[in-house]
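Protein chains in written order, with our numbering: chain H, 34 to 481; chain C, 224 to 537; chain L, 27 to 333.
Bear in mind the hints are in silico, worked out from the structure with no lab data behind them.
Treat the hints with caution; some may be incorrect.
[Said to hold, decoys possible] Counterexamples of contact, computed for chain H against chain C with all Cβ distances above 12 Å:
| hint | residue |
| --- | --- |
| 1 | ILE138 |
| 2 | ASP445 |
| 3 | TYR448 |
[To be verified] Keeping only pairs whose Cα atoms sit at most 30 Å apart, straight-line, the calculated DSSO-like set for lysine-lysine is:
| hint | chain 1 | residue 1 | chain 2 | residue 2 |
| --- | --- | --- | --- | --- |
| 4 | H | LYS108 | H | LYS176 |
| 5 | H | LYS339 | L | LYS122 |
| 6 | H | LYS432 | H | LYS186 |
| 7 | H | LYS321 | H | LYS212 |
| 8 | H | LYS190 | H | LYS400 |
| 9 | H | LYS108 | L | LYS122 |
| 10 | C | LYS306 | C | LYS427 |
| 11 | H | LYS279 | C | LYS306 |
| 12 | H | LYS321 | L | LYS290 |
| 13 | H | LYS463 | H | LYS321 |
| 14 | C | LYS386 | H | LYS321 |
| 15 | L | LYS122 | C | LYS386 |
| 16 | H | LYS95 | L | LYS290 |
| 17 | H | LYS195 | H | LYS339 |
As the structure is a computational prediction, the values presented were derived from the model and not from experiment.
Virtual Cβ for every residue (Gly too), placed ideally from N, Cα, C.
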Amino acid sequence: MTSNTSAARTGGISRRSMLKGTAGALALTGGLPALLAACGGSSSGGGGSSGGGGDGGSVDGKTSIGSNYSDAAVKSAFADVVKGYSRAKNVTVNATDHNSFQNNIQNYLQGTPNDVFCWFSGNRAQFFAAQGLLEPIDDVWAKIGANFTDAVKNASKGQDGKYYLVPWVNYPWVMFYKKSVFSQHGYQVPATWDDLMTLCAKMKSDGFANPIAIGQKDGWPAMGTFDIINMRMNGYQFHVDLMAHKQSWTDAKVKNVFKQWAELTQYYTPGGTGRTWQEAVQIFDANKTSPMIFQGTDQVGPQVAKANLADLDFFPFPQIDSAYPTDSGIDAPIDGFLMSKKVKNRAAAAAFLEYLGSAQAEQTFLKPNPSDIGTATDYDTSTYTALQKKSVEIIKSTKNLAQFLDRDTRPDFAYPIVQNALNQFLNNPKSYSSVCSSLESQAKGIFT
Amino acid sequence: MSTGQLVGRPADQPAGPRRRRRLSRLTRRDKIVLALMLGIPALIEVCLIWGPAIATVFYSFTDAHSVAPVHWVGGQNYTFMRKIDPQFWPAVRHNLIWLLVFTVIATPLGMALAVLLDRGIRGSRIYQSIFFLPVMLSLALIGIIWQVVYSPQFGLINGVLGKTSPNDAIDWLGNPHLNLWAVLVEATWRQAGYVMVLYLAGLKAVDPTLGEAAALDGASEWQTFWRVTFPTLRPINTVVIVVTVIESLRAFDLVYVTNGGTDGLELISAMITTYITGPANRIGYGSALGVVLLVISLVPITFFLIQQFRKEKR
Amino acid sequence: MTVIAPDKPDEAAAEVDAADRAGWRPRAGVPSNVFILVLAVLWLLPLLWTVYTSLRPESDTNVHGYFSLAHSLTFRNYSDAWTQGSMPTYFWNSVKITVPAVLITLFIASCVAFVVSRFNSTFNLVMLLLFTAGNLLPQQALLAPLFKIFINVHLPSWLSSSGEMYDSIFGLIAINVAFQTGFCVFVLSNFMRTIPTEVTEAAMMDGASIWTQYWRITLPLCRPALAALATLLTTWIYNDFFWALSLMSTGDKRPITSAINDLKGQFAQNNNLLSAGALIIAVPTLMVYLCLQRQFVAGLTLGSTKG
């Protein structure tokens, strides 16, 4: 076997020439940045290299928007919205698949985001604002502020009190039912928890095997039920504090929420954790086993067969504690638009946002949409369906609008931690105590 | 063209598959070419494979998120993993079960198929093709195909069992007590064919005279196989062991396509993907999980490399 | 994926053919035949069911249920899946990734194999082992740093539409090349060892440079191994699910296999469409399987009998 020295003599690759070759190759491929990136840590968030905020630009210049409206119907509706803008030809729409957009938002913002992008209100926006990834838009709000209620205004601010979000559309989370089924069996809309229990028991005896449909496969639908029961039992403020981990998940109040919820789960369709919410809505729509479903109007409306839409109705989740009546809190997540810190043409982007903050833009978007409602107060409600009118009423009359668990808390807590915890609870409602301890210990690790 | 000087040819050139190559002095240009030929690929590997493998270890001691600044947190991720994360130990358990099923069911099944088919059953070529077919398909695709088969109301299995009504249906992939086993059936469906092909190749090369001699000496079929044939399959066995272990650690596509690796189908690989590419973007924690996977994988990899090293040295 | 040393592809391929083996091995009895037959039928059932479901129109299955005799058959599901699922886009993405990746991998792996097999030294042996090990690592273990690298490396726009390695075809080709190179190096270096030295030494005596030796002499002799590897690589890279899933965010840019998740969501309610879509995706690998099975199996098993 040749030794190293003889290898060199006989022309084998010596280490020196190998290193020389590597150095040569390095220079060739410019792999240095990759190596550095691998060795070093990430750059701090915000303050990117290309175009910081406040980079002037003209109002008539080009701007772009990153949109997650990927399904055909909303995609074309949004295209119409853009067309309705006076400077439409300057706006490029960059549409990405809905789920991918959400999953990769952090990379998107750190990389080369569009000037404006679709996002949601709540902690999720505040999280980015705190990271310095968003551009405050108080100037835009100076122009559009009159159009929105105080509740919506509050939902559009960051923790520093500045405005970051331009609100768009929202919708409530409510308990759906079919009018015909209720009238056929003489059911009444339940006003309290006890009424709801009685109703479910009656439904069961009337042959509805599982009064409430549920599809938790995507991980978030059950969060809505947690939110509302928490708000009904402990109030909106406790709920918001819990979402920010200012309260503990092992607090007796939280355990009581699960305990109470466990009384309801016996009426759920079995196998909820393995069923998509779309399937759950189908089961609800079939009118055979499950006459009720607790879901957002945004999801149920499009899934129900057109013929059944007229039959569709809803009621707010019933009262549990008289201290927190039904108008004290509801999940009504607001979709909106944010401006990224790396905006290339702030003036044009701000002008576009002003347009988006108008009732006219919302009106164009919601034309084909039978379920969502606009947030602008001067929206022409005559174009609404019965369902939408009722949504407006319920949101208007509710004092506090929560944004839904996965938008009210940190995203790395909602997914997969809360998702898995809720799955565990649904698979075994009696295990709520260990679910709570697990949530608390994980929360401690996340909320530093 | 180079003008390298030639030194005299070596007198002894050993025959056989391994020949010592004594070469004349190479020109400078040749040496550069050689260095590039080895260096550029090595650079690619460093940047994209070996470098990340090492970097994973470093990241696992940080709280790296996609966007936020990176902080050193020591063993915090590992503590979280061990003590707090309710998914981790189930995932480890599932990975071990996966390995067990592969070792005890899939591999022996593949072996048995190979042995049977090697006996010249009529149409064995067709049988080979049938058993090998799943190996050609992407695992993600296999997940979809079986999802159609396992569908609670519309699938083949429940159809045969007559349990397709909503309240009666067995939810093979949704029920956390059943779904791991359902997915393992899918994995075995593929793995057995793979092992079968490897063994078939090995069995072809077995010297028939050995078996003949054994048979003449009165050995039964079973004895002949185990005492005579099997030992000569040693190199194949090495490969099959490595393949079995590696494939079971690689299990990802099936569970991810089925339900994203949750609710009964937790696996370390799926957890890593969820934490890093999902909304959480917890790169530090995902790296810690990656280190666990890496360390476990190093066992069969080292085993294989040592075997190879020994073989090369001979 | 295996890491078996290849020897001579054609021989091994012929050996794998077990059609008529006379010889000492006793003929399998009836029980064995029955067992194999039953197992083979069971083995095919999932695919047959998928094909059957895909050929039935939704109207039929809605009325009569899925577990029933078809009242009508149609190819409509295939055309629907093709158009609704934007399959041409995804397939084209697959081509854009697979073809360059296979070619580049074979090229650089053969370079490394050439160096490593020609010049024996501990260093080269270590390199060989490192390359081989690279292919055995689980992909997910590498994800975190790769993710960071990909989002931090900026590329000019002609190379990547997203401006970075993340979410770019270039990035995917790069990672596939890096990941598959190890196995190919292993296979090719073992194969090259079997080429007699006289050939290259004669060339060297004629003053051929290293590059000429590699390109004009060694590489053509490796054609069988290269063919086998090309078959394997094409199948593996086409079938890869993970890399594009995690390193590409835009659904439209994904290759077909990684787009399965999106398709699954889109066709969720319709098993007929889903089956048809799945089978369409399987077509390329099935074609390889039917036409090139020999090469594929040869690539997997070459030299596995080497002691």
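Hints, verified against the model:
1. At the 12 Å boundary, the C-beta of ILE138(H) falls inside the reach of chain C, the nearest C-beta of that chain being 8 Å off.
2. In this structure ASP445(H) is not separated from chain C by more than 12 Å, as the shortest Cβ-Cβ distance comes to only about 4 Å.
3. Taking the minimum C-beta to C-beta distance to chain C, about 5 Å, the non-interface status of TYR448(H) is violated against the 12 Å cut.
4. Between LYS108(H) and LYS176(H) the alpha-carbon distance is near 27 Å, which keeps this suggested pair within the 30 Å criterion.
5. For the proposed pair LYS339(H) and LYS122(L), the alpha carbon gap of about 42 Å is over 30 Å, so the pair is violated.
6. As the CA atoms of LYS432(H) and LYS186(H) are separated by approximately 13 Å, the hinted pair is consistent with the 30 Å bound.
7. Distance check on the hinted pair: LYS321(H) and LYS212(H) sit about 14 Å apart at the alpha-carbon level, within 30 Å; holds.
8. Annotation: proposed proximity of LYS190(H) to LYS400(H) holds, straight-line Cα distance about 28 Å (limit 30 Å).
9. This hinted pair checks out: LYS108(H) and LYS122(L) have alpha carbons roughly 27 Å apart, not beyond 30 Å.
10. For the proposed pair LYS306(C) and LYS427(C), the alpha carbon gap of about 51 Å is over 30 Å, so the pair is violated.
11. Restraint check for LYS279(H) and LYS306(C): the C-alpha separation of about 23 Å stays at or below 30 Å, so the hint holds.
12. For the given pair, LYS321(H) sits about 27 Å from LYS290(L) by alpha-carbon distance, which is consistent with the 30 Å threshold.
13. Restraint check: the Cα-Cα separation between LYS463(H) and LYS321(H) comes to about 28 Å, which is no more than 30 Å; the hinted pair holds.
14. Taken as a hint, the LYS386(C) and LYS321(H) pair is honoured in the structure, with Cα atoms around 18 Å apart against an allowance of 30 Å.
15. At most 30 Å may separate the alpha-carbon atoms for a hinted pair to count; LYS122(L) and LYS386(C) exceed this at roughly 45 Å.
16. For the given pair, LYS95(H) sits about 37 Å from LYS290(L) by alpha-carbon distance, which is inconsistent with the 30 Å threshold.
17. Restraint check for LYS195(H) and LYS339(H): not satisfied, since their Cα atoms lie roughly 42 Å apart, outside the 30 Å limit.
Checked against the numbered hints listed earlier, the structure breaks hints 1, 2, 3, 5, 10, 15, 16 and 17; every other hint is satisfied.
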